[in-house]
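For the protein sequence lines, the chains are A and B, in the order given.
The numbering of the first sequence is my numbering, which starts it at 1 and goes up by one.
The numbering of the second sequence is my numbering, which starts it at 1 and goes up by one.
Hints in this document: simulated from the structure, not taken from any laboratory.
Glycine residues also receive a C-beta, built at the ideal position from the N, C-alpha and C atoms.
Check the hints yourself; a few may be wrong.
[Claimed, not checked] Dumping the calculated DSS-like pairs for lysine-lysine here, alpha-carbon to alpha-carbon at most 25 Å:
(1) A:Lys263 <-> A:Lys13
(2) B:Lys13 <-> B:Lys263
(3) B:Lys263 <-> B:Lys15
(4) B:Lys263 <-> A:Lys110
(5) A:Lys263 <-> B:Lys110
(6) A:Lys263 <-> A:Lys15
[Stated by the list, open to error] Covered by chain A, per the in silico footprint, the following chain B stretches (three or more residues, Cβ under 8 Å):
(7) 101-115
(8) 219-225
Protein chains: 2
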Amino acid sequence: MGSALSLNTVTVKEKWGLAECIEGCARHAIPGISPWRDVLHAMGVAAAGRQIRDAGLTVTGLCRGGMFPAPDAAGRAAAIDDNLRAIEEAHTLNAACLVMVCGGLPPGSKDLPGARAMMRDGLEAILPTARAAGVTLALEPLHPMTCADRSVLSTTAQALDLCDALGDGVGVALDCYHIWWDPEVAAQIARAGRRIAAFHACDWLVPTTDLVLDRGMPGDGVIDIVGLRAMVEAAGYQGFTEVELLSRRWWAEEPDHVLATMKASHRC
Amino acid sequence: MGSALSLNTVTVKEKWGLAECIEGCARHAIPGISPWRDVLHAMGVAAAGRQIRDAGLTVTGLCRGGMFPAPDAAGRAAAIDDNLRAIEEAHTLNAACLVMVCGGLPPGSKDLPGARAMMRDGLEAILPTARAAGVTLALEPLHPMTCADRSVLSTTAQALDLCDALGDGVGVALDCYHIWWDPEVAAQIARAGRRIAAFHACDWLVPTTDLVLDRGMPGDGVIDIVGLRAMVEAAGYQGFTEVELLSRRWWAEEPDHVLATMKASHRC
Chain A
1 MGSALSLNTV TVKEKWGLAE CIEGCARHAI PGISPWRDVL HAMGVAAAGR QIRDAGLTVT
61 GLCRGGMFPA PDAAGRAAAI DDNLRAIEEA HTLNAACLVM VCGGLPPGSK DLPGARAMMR
121 DGLEAILPTA RAAGVTLALE PLHPMTCADR SVLSTTAQAL DLCDALGDGV GVALDCYHIW
181 WDPEVAAQIA RAGRRIAAFH ACDWLVPTTD LVLDRGMPGD GVIDIVGLRA MVEAAGYQGF
241 TEVELLSRRW WAEEPDHVLA TMKASHRC
Chain B
1 MGSALSLNTV TVKEKWGLAE CIEGCARHAI PGISPWRDVL HAMGVAAAGR QIRDAGLTVT
61 GLCRGGMFPA PDAAGRAAAI DDNLRAIEEA HTLNAACLVM VCGGLPPGSK DLPGARAMMR
121 DGLEAILPTA RAAGVTLALE PLHPMTCADR SVLSTTAQAL DLCDALGDGV GVALDCYHIW
181 WDPEVAAQIA RAGRRIAAFH ACDWLVPTTD LVLDRGMPGD GVIDIVGLRA MVEAAGYQGF
241 TEVELLSRRW WAEEPDHVLA TMKASHRC
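Given only the sequences and the hints, what does the whole structure look like? Please build it.
Shown next as structure tokens:
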């Protein structure tokens, strides 16, 4: 595979801010970067945009919009406002997409269909602004183990059904970690076609000791990342492979070692 | 809801053997029991069958068959032999079904389609024996977070597709914990109809701190168990609600307290 590599900044979040991530990508000849908004805000959006451009990096995504469900209308409106700011930031950075982590159940709720309706309502509310800004909203199905507290969007099929309903300006962000187990994964990647806006690689460790912070470096787990990459390429995706690790183990390492390791392993 | 309660013995596995579970069910007026095979073997199958009959309990399932994928042919043959013994045990106990936890990837493998083929091959190998014994094989889709090491059978749709392919003698065991997140859950429960051989209740805690041993007592989490029970009843299931908790927190409690709690809460 000839995919280019992108660093998602969360992968080194414990030791590097965004400026160090940009410098690190240049030092390791990693051509892509995907910032989280916390490090982006810490650096300042305009300054970050300039330094990323000066370094010649492609912004493969901005992480993240979404988190729409909330217990009351004020909370849902605040989420929409925040998403509108995220769209503006993605536009400023010329990001390939705004990655959407759509949110879990509102606290105290057991109403999953209701939370899904809030997700769709939120997406519909921000979509005109995203279209006007030329920012693709990349719906990211998250592993079903995150359904309660992070994402009621759980499968590629569900994300594509939403794309079908919402129309232009919406695509999907496919992360191996979240979709590998799905019996429909091959069929749904083929269905996704040109709507694949991002491809993320990280691995499933056996055993996995934490539901959030124990993702594996590509090659260290059981996911056929090579096979999934081949599927997205067959569907028409020629973009970057972004490595996004939420991992206490890798957060404890020296970031230069992390970048060298992911550069060596992201095609595993 | 008028569903009768069944105790899955794993719920109190740290403190009670099968004889104590049987006595506990009688003491708490819990009419159903579902033994795991370890406690069944420790007591002896014939003795267990007698004591369960004498106590007037319904055996809502035997846990468990399955675990078909293995690195080599000898391993797969051994799994089939073990499943044939489990069918005989389920027959002796007059169990409503043999619950099938189908197994994960063979150690070292990334070949998920291959593991699924091993699962299907194993089921086909034991099905004639199950039919002859009158033992329903209840395919249990397990939460996708168990795909690597416990079950490559992940969704209700996938289980029903297998049922369609295998024919008579196969059904599904639906556990709220494993299926609640599924965007297709309502449609697939309706599709399942009379093939629902068992219904298990336990709850998803927020946060969940362990991928295996942090299941919640019904009512303590975010799953709409009442809604799922209504769906299986609308599909034609009138059987027991079995409470199967793998939980360090509940294993540390006095079993009589656990049984009293589940009796009070299983309709939450």
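* To do: Compare the distance between the alpha carbons of B:Lys263 and A:Lys110 with 25 Å, and conclude whether the hinted pair is satisfied.
  => Given that 25 Å is the threshold and the Cα spacing comes to 21 Å, the pair holds.
* Sort out whether B:Lys263 lies within 25 Å of B:Lys13, counting only the CA atoms. => holds, 17 Å
* To do: Given the hint that A:Lys263 pairs with A:Lys13, test it: the Cα-Cα distance must not exceed 25 Å.
  => holds, 17 Å
* Are A:Lys263 and B:Lys110 close enough, with their CA atoms no more than 25 Å apart? -> holds, 21 Å
* Holds or violated: B:Lys263 to B:Lys15, with C-alpha atoms at most 25 Å apart -> Roughly 18 Å separates the two Cα atoms, so the pair holds.
* Asked: Are 3 or more residues of the stretch 219-225 of chain B near chain A, judged by a Cβ distance of less than 8 Å?
  -> The restraint on the stretch 219-225 of chain B holds, since 4 of its residues have a Cβ under 8 Å from chain A and three suffice.
* Asked: Are at least 3 residues of the stretch 101-115 of chain B within less than 8 Å of chain A when you compare beta carbons?
  -> holds (count 5)
* Asked: Do the alpha carbons of A:Lys263 and A:Lys15 lie within 25 Å of each other, as the hint requires?
  -> holds, 18 Å
The structure agrees with every numbered hint stated previously.
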